[in-house]
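Chemist: Given only the sequences and the hints, what does the whole structure look like? Please build it.
Residues per chain are reported as follows:
Protein chains: 2
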Amino acid sequence: MNQSIKEYIVSINSAIEKENFGDKPQELYEPIRYIMSLGGKRMRPLLSLLSYQLYKDDLTEVIPASLAVEIFHNFTLMHDDIMDNAPLRRGKQTVHEKWNNPVAILSGDVMLVKAYQQIIQYAPTAKLTEILQKFNQCAIEVCEGQQIDMNFEEQETVHEDDYIEMIRLKTAVLLGFSLEYGGILAMDNEADQALLYQMGVNAGIGFQLMDDLLDVYADQDKFGKQVGGDIIANKKTYLLIKAKELATGKNSLELNQWLKAQDFNKEEKVTAVKSIYDQLNIKKLTEIKMNEYFEKAFKNLEDIDAPAEKKAIIKDFFNYLINREQ
Amino acid sequence: MNQSIKEYIVSINSAIEKENFGDKPQELYEPIRYIMSLGGKRMRPLLSLLSYQLYKDDLTEVIPASLAVEIFHNFTLMHDDIMDNAPLRRGKQTVHEKWNNPVAILSGDVMLVKAYQQIIQYAPTAKLTEILQKFNQCAIEVCEGQQIDMNFEEQETVHEDDYIEMIRLKTAVLLGFSLEYGGILAMDNEADQALLYQMGVNAGIGFQLMDDLLDVYADQDKFGKQVGGDIIANKKTYLLIKAKELATGKNSLELNQWLKAQDFNKEEKVTAVKSIYDQLNIKKLTEIKMNEYFEKAFKNLEDIDAPAEKKAIIKDFFNYLINREQ
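Residue numbers (the working numbering), protein chains in the order written: chain A, 1 to 326; chain B, 1001 to 1326.
Simulated from the structure, these hints should not be mistaken for laboratory data.
For every residue, glycine included, the Cβ atom is placed at its ideal position computed from N, Cα and C.
Worth double-checking, as some hints may not be accurate.
To be verified - Quick list of simulated restraints, FRET-style, between CB atoms:
1. A:A191 - B:Q1137: 46 to 54 Å
2. B:E1007 - A:A86: 47 to 55 Å
3. A:E153 - B:E1165: 42 to 50 Å
Claimed, not checked - Within a straight-line C-alpha distance of at most 25 Å, the following computed SDA-like cross-link-like pairs (lysine to any residue) qualify:
4. B:K1134 - A:T129
5. A:K236 - B:W1099
6. A:K283 - A:D305
7. B:K1024 - A:D162
8. B:K1018 - B:R1090
9. A:K24 - B:W1099
Unchecked claim - Some, not all, of what chain A presents toward chain B, calculated at C-beta under 8 Å:
10. E27
11. I82
12. L106
Modeler: Structure representation (structure tokens):
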């Protein structure tokens, strides 16, 4: 990873560590510090720094402002984990497991307010309304995406386009907003602000497709979670949606049997479904779709009016993420 | 009730009915329309109108702005009902009962964002930062109050002052903000804005003490809920807190027995605890405390620099609420 990026992440982490969030009642604030300290890539505030550095050399101002998107992201994780009954987050107990559901609901609510506080505290007054309108839109879309994702789990069939729209809402628009936010804080070129947003959305869809792929094809030694987890859980990923669309005859029959199986050997199921994916060329099809979005993102970056050496930092970062685990 | 106030409530309800909130996915927006249509006194937006009318004759602008506090209030109800496992709200199924917990969490989250949207859409740019800062503070305090209230249910003893502070946070500050919000939208006198806030907080504490009283001493025919519900549930109200503080000897023994009883006749418990309250003069003590706060609120109103006939509308409204069910 690029040296500047490493330094950016250090700055973001140090700003998060300095945040106190609040004291009393501790049941409200301890979970906020806990989830914020679990780490993660800090991708969203990093994107705000990366778009800001396209136009400004001194990042002092954007660092505290960028925490808003990290706080918002962790609010969504805290609430999503309750909804998904998730026991673990980054290898540690989730907040609702470590405390309880009411604490996770309420601490999450406070985090959403804190995200607004962070924006309001650090945005210049002249740009506040614009930033908040875009943030509101993004926040609502993220909730819509989560609800659509939950709905998909109850649906027999999900169409490819609906899946892409769901991941756009659930994960990509926040990457778009994070980049746009840094851009708005740094400059006034609306066309470039829109390109930053589009770049984030396109890259975000690509990253989610990459995550879907990695869940099946990652090297278990390098992968943080169990490879095949999505297959075991019948998660409606791009891979499964394409496979259901394309499977015929014996493949279709077999896939449906695995999807309905209540009692099965996990490894056997993963191997069998993977073999169906292979016969249907699902890996390649997903890669094509994914690369389509990455190419759109790189095209957005090209079109942005900023110094080439500054844009190269973003390009390198995306390439680092794309090649990381493949 | 004063004729203007009735008209204000009609305007608020009609503005709420016109709001669509959103369409897809319907699992997210249907619960918002549902909870917003359950009615209630619309006390918070009404307070914004009441403070606004102190200074302005045309209320067109403040009506849509005032919906923000009603949306926020209903967000807190939706999430509180999950935390409290409440089956009913205003005699109808709660959202988490009618749908499920994830839907109630997520719809609530969207409502919090919608409250911000409503403020941002209707506040003049020059006042936006100030309004949002005060709203953030209020929103966080409401969450703190809810957490402290939940903590109290696990505590053996709660001190009177801590109880007053809890109800200040959980319910009174939002009444304070609602009044202040209307004031900020109408004029620039910061001293009066502060008085409006203080009046709301003082009245809010008074109303909560009145609710505590009514739960024990209301006329069952006029009371919407079961009289004695708080006694049956061992709810730590001002009355119980005072009784535990003052009871000695036989009263103390008997009160503690009722608090620990697992299997009891509800009516018998209500009668017995009420009789202990009577021996300890709890009704009178609570009324004294309550009236202290109402008097502070009326004093705040007196100190506000606005036409007497406009202030009289607020005074009449408070008096209407205070005398309503006593």
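Chemist: Each hint needs a verdict: does it hold in this structure or not?
Modeler: Comparing the hints with the structure gives:
no., hint, in the structure
1, A:A191 - B:Q1137: 46 to 54 Å, "37 Å, violated"
2, B:E1007 - A:A86: 47 to 55 Å, "50 Å, holds"
3, A:E153 - B:E1165: 42 to 50 Å, "43 Å, holds"
4, B:K1134 - A:T129, "16 Å, holds"
5, A:K236 - B:W1099, "23 Å, holds"
6, A:K283 - A:D305, "35 Å, violated"
7, B:K1024 - A:D162, "13 Å, holds"
8, B:K1018 - B:R1090, "21 Å, holds"
9, A:K24 - B:W1099, "33 Å, violated"
10, E27, "5 Å, holds"
11, I82, "6 Å, holds"
12, L106, "5 Å, holds"
Checked against the numbered hints listed earlier, the structure breaks hints 1, 6 and 9; every other hint is satisfied.
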